[in-house]
Amino acid sequence: MSQYARFAGEMLARIRASRPVVHSITNYVVMNSTANVLLAMGASPIMAHAPEEMKDIAAISNALVVNIGTLSKTWIEAMHIASRVAKIAGKPFVLDPVGSGATSLRTDTARGIINSAIPTVIRGNASEILSLSPAGGATRGVDSMHTWDQAAGAARELAVSLGTVVAVTGEKDVVTSGSKTLVVTGGHPLLGYVTGTGCAASVVIAAFLAVEQDAVAATAAALAFFGLAGERAAAETSVPGTFWIKVLDALYSITSGDLDASARITEG
Amino acid sequence: MSQYARFAGEMLARIRASRPVVHSITNYVVMNSTANVLLAMGASPIMAHAPEEMKDIAAISNALVVNIGTLSKTWIEAMHIASRVAKIAGKPFVLDPVGSGATSLRTDTARGIINSAIPTVIRGNASEILSLSPAGGATRGVDSMHTWDQAAGAARELAVSLGTVVAVTGEKDVVTSGSKTLVVTGGHPLLGYVTGTGCAASVVIAAFLAVEQDAVAATAAALAFFGLAGERAAAETSVPGTFWIKVLDALYSITSGDLDASARITEG
Amino acid sequence: MSQYARFAGEMLARIRASRPVVHSITNYVVMNSTANVLLAMGASPIMAHAPEEMKDIAAISNALVVNIGTLSKTWIEAMHIASRVAKIAGKPFVLDPVGSGATSLRTDTARGIINSAIPTVIRGNASEILSLSPAGGATRGVDSMHTWDQAAGAARELAVSLGTVVAVTGEKDVVTSGSKTLVVTGGHPLLGYVTGTGCAASVVIAAFLAVEQDAVAATAAALAFFGLAGERAAAETSVPGTFWIKVLDALYSITSGDLDASARITEG
Chain W
794 MSQYARFAGE MLARIRASRP VVHSITNYVV MNSTANVLLA MGASPIMAHA PEEMKDIAAI
854 SNALVVNIGT LSKTWIEAMH IASRVAKIAG KPFVLDPVGS GATSLRTDTA RGIINSAIPT
914 VIRGNASEIL SLSPAGGATR GVDSMHTWDQ AAGAARELAV SLGTVVAVTG EKDVVTSGSK
974 TLVVTGGHPL LGYVTGTGCA ASVVIAAFLA VEQDAVAATA AALAFFGLAG ERAAAETSVP
1034 GTFWIKVLDA LYSITSGDLD ASARITEG
Chain Z
794 MSQYARFAGE MLARIRASRP VVHSITNYVV MNSTANVLLA MGASPIMAHA PEEMKDIAAI
854 SNALVVNIGT LSKTWIEAMH IASRVAKIAG KPFVLDPVGS GATSLRTDTA RGIINSAIPT
914 VIRGNASEIL SLSPAGGATR GVDSMHTWDQ AAGAARELAV SLGTVVAVTG EKDVVTSGSK
974 TLVVTGGHPL LGYVTGTGCA ASVVIAAFLA VEQDAVAATA AALAFFGLAG ERAAAETSVP
1034 GTFWIKVLDA LYSITSGDLD ASARITEG
Chain D
794 MSQYARFAGE MLARIRASRP VVHSITNYVV MNSTANVLLA MGASPIMAHA PEEMKDIAAI
854 SNALVVNIGT LSKTWIEAMH IASRVAKIAG KPFVLDPVGS GATSLRTDTA RGIINSAIPT
914 VIRGNASEIL SLSPAGGATR GVDSMHTWDQ AAGAARELAV SLGTVVAVTG EKDVVTSGSK
974 TLVVTGGHPL LGYVTGTGCA ASVVIAAFLA VEQDAVAATA AALAFFGLAG ERAAAETSVP
1034 GTFWIKVLDA LYSITSGDLD ASARITEG
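Chains as they are written, first to last, in the working numbering: chain W, 794 to 1061; chain Z, 794 to 1061; chain D, 794 to 1061.
Extracted from the complex, chain W is given alone in its bound form (with noise of 0.2 Å):
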């Protein structure tokens, strides 16, 4: 057992006994499924973009997503409202840039809001990730054409840029903030089959972030969660409607032992 799995299933414990309330400002398609991720695990969500309640919202929430994988003009001032009221108020705070590359409102977007309010944690699959590094890249749709490994290098670099933590998901995630780098494992191919699994990983990662201050850490134990939920539920189906539905029931049932037993994260 190394010693971040350790820490996992620690976290997941003060996750179902504090109940942190993850504020979240997300795209239509996954605001249903996000939110049943988050009552599942022991957290509670709460949904709201409009820009007068925003500092109402950050005073009774204990972490923030911004994702904008759904865009209008009030939402993106929303978006900002939230991320600096996060800020000043010490919520973590997590980007999932969802389609940045693929258009320029996104790349955009995403750049603007890391702009105003640098996020504790970036999350995004490869194409996301490259698309926010001074090179940058493209994005074919809400996919990623680029492989994980053309994405680590880029994540250190946006970390040590930005100084903060970028995480990249994909056959296996990398979370670094450029001078510590963890690598989890895990998962299933299934994920691929659903809509809005990285949208899901991003809220998680928000959870273990609103009980825990060292946000490497913190996101590789969420990945390492969410992955095993992944793997649990494919253990049980072999379609992708029934396997959402196992997941969800694995997030509530997974115990801190069992997260301890099976987080395969390791130091990159």
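Source of the hints: derived by calculation from the structure; they are not laboratory data. One should not assume that every hint holds.
Put simply, identical chains are the same to the list, so a pair is met inside one copy or across any two.
With a Cα cut of at most 25 Å, we get these calculated DMTMM-like pairs of lysine to aspartate or glutamate [to be verified]:
| # | residue 1 | residue 2 |
| --- | --- | --- |
| 1 | K884 | E870 |
| 2 | K866 | D849 |
| 3 | K848 | E1029 |
| 4 | K848 | E870 |
Given chain W, work out where chains Z and D should sit, using these hints.
Here is chains Z and D on its own, set in the frame of chain W:
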């Protein structure tokens, strides 16, 4: 079998015979799940929020639900128009003040809707109902911090002051017009691990109001029906993903006779 | 085995080989479920509605679906832009006129989109298609009040007048260009107890259009495929929550050979 339980079965039969159209202006998180709740139980959902079509929608609807779970300016405008149109047309109208008390925007919006058109039924958790009473209150996110007992008094007070029916749902549910109070027991703790179960209860209430003018009896019957669906689902599984699917299954499968036999509605 | 049924299996194989990107501007209710439909069957969904990114999205998409189930002014603007861009780029484009006939806003919006860019395929229920014909019609909510037989003539008329393909779905489906008509049988009544199954049929059509230029054949194949998924699901369960999960499972599991063997497509 209580008198009210027998009424419940009759109402359910009327819903399935007439398939009432329930118009929802609701939050993004639960649009899919509450539409599925209405279809599974035998009603017909319609979701629409454009101010331009509120009158046309009202003309083909049998009941309205306004749920303030995710807000923006144009949606608040549509909620006001739809509420007034429903009142003028004599259609029953349920207000679900999600998160009222948690942010000024939500409390003000709930109060504003009530001021422009008094709902047939207001359904919320303890904190939400307390936030609408003259005494006020505070809400932690969209979850309730107040006990049912604290809220029952506030519900009666609010019902009397507005001349309407107020329902507080929680471990047990109270439905009151001030002069008449019914208590409904049932449901299951797993409902707390799935998003939008309170919102689902609200649309079920609207479907019952579409076929029954006694709003206290209709609301109690609806809550007994929804609670029974939760109990049936929980008898088959102990994990939340599968549980919700089985709630939908139960809403379809429960017969009028089942509801008569199992509804636990008492005078409070 | 009919000639068209064999084509259906070939098309499904092409979808799974090329994973076409289907851009949807669709209603909030079905965003999650239709994205899951596309992923389960082997296509790749992208949801986007910001007018600013319509051109960028079109450049990476292989087909477009415009679904008017929930409307607001800025969304209608995006629908117009996306439709025109798709036409100019030569990408197939499906219009799903949800609730056309039920409100002036919806009927006007559907007609407006058709006027600015003629869809490759228009798919609706009987009432919706009738509302778009010169004779007009009336819709009860989003459900259909007209029989398939009444609508088949209107579909042919509309197809000829626009020079496009029109599909009316119901107990049996008709797909017509005016000169060529195919009838598809299949599906299951439980599809009526789940929200967004018509919308799901429309995204499946778009995925088939992305790999096949014969729009009548592609649409019939898509409807046969979706209907078969409903039949397979209904063979395993008789309740709607579980049913929908099994529809997703079937969309993933059905092979080209299965579709060849089971598709019931006849010339009408």
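List in ascending order the numbers of the hints, as given earlier, that are violated by the structure. 3
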